[in-house]
Amino acid sequence: MAAVIRFALKVVLMAVVFYLVARYVPGIEVQTNPNAVLGISVTFAWLALLFAVVNAVVGPVLRFLSFPAILLSLGLFLLVINAALFGLTAALSSRLDVDGFGAAVLGGLFVALASWFLDLVLDRR
Numbered sequence: 379m380a381a382v383i384r385f386a387l388k389v390v391l392m393a394v395v396f397y398l399v400a401r402y403v404p405g406i407e408v409q410t411n412p413n414a415v416l417g418i419s420v421t422f423a424w425l426a427l428l429f430a431v432v433n434a435v436v437g438p439v440l441r442f443l444s445f446p447a448i449l450l451s452l453g454l455f456l457l458v459i460n461a462a463l464f465g466l467t468a469a470l471s472s473r474l475d476v477d478g479f480g481a482a483v484l485g486g487l488f489v490a491l492a493s494w495f496l497d498l499v500l501d502r503r
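In this note's numbering, the protein residues as written are 379 to 503.
This list has only true hints and no planted wrong ones.
So the derived label-pair ranges between C-beta atoms look like this:
id: 1; residue 1: 381; residue 2: 410; range: 28 to 36 Å
id: 2; residue 1: 475; residue 2: 454; range: 24 to 32 Å
id: 3; residue 1: 447; residue 2: 473; range: 26 to 34 Å
id: 4; residue 1: 479; residue 2: 441; range: 15 to 23 Å
id: 5; residue 1: 446; residue 2: 419; range: 37 to 45 Å
Calculated directly from the structure, the hints in this document are not laboratory data.
Even for Gly, the Cβ is constructed at its ideal location relative to N, Cα and C.
Can you make the complete structure from the sequences, with help from the hints?
See below:
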């Protein structure tokens with residue numbers, strides 16, 4: 379039960395991160411739905427949940443296939459993978475728009491750092 383609560387808390391906090399990324403990173407926009415039942419917060423929670431699914435399903439495959447590039451770049455290629463996952467999330471969602479690779483790298487970087495920090499704080503086991 380504690381794992382479910384941790385996951386729900388992480389999704390809610392990642393929704394806040396997506397809100398901050400959409401607000402402060404140029405080139406990333408979110409079309410919110412103010413007429414929804416819970417309004418704008420549902421849009422960001424949906425994006426956080428979609429990113430979590432994309433990261434859990436596609437992320438390991440991309441990391442495995444690009445392992446030589448990750449090794450040669452001393453891990454910097456992970457930024458490209460995070461940008462690809464962020465862009466894939468935008469492609470799967472009609473609410474998230476990413477204008478260019480630079481915005482995807484910056485957005486992916488902030489989301490990855492926040493996810494790493496939340497994993498540290500929430501003590502993932």
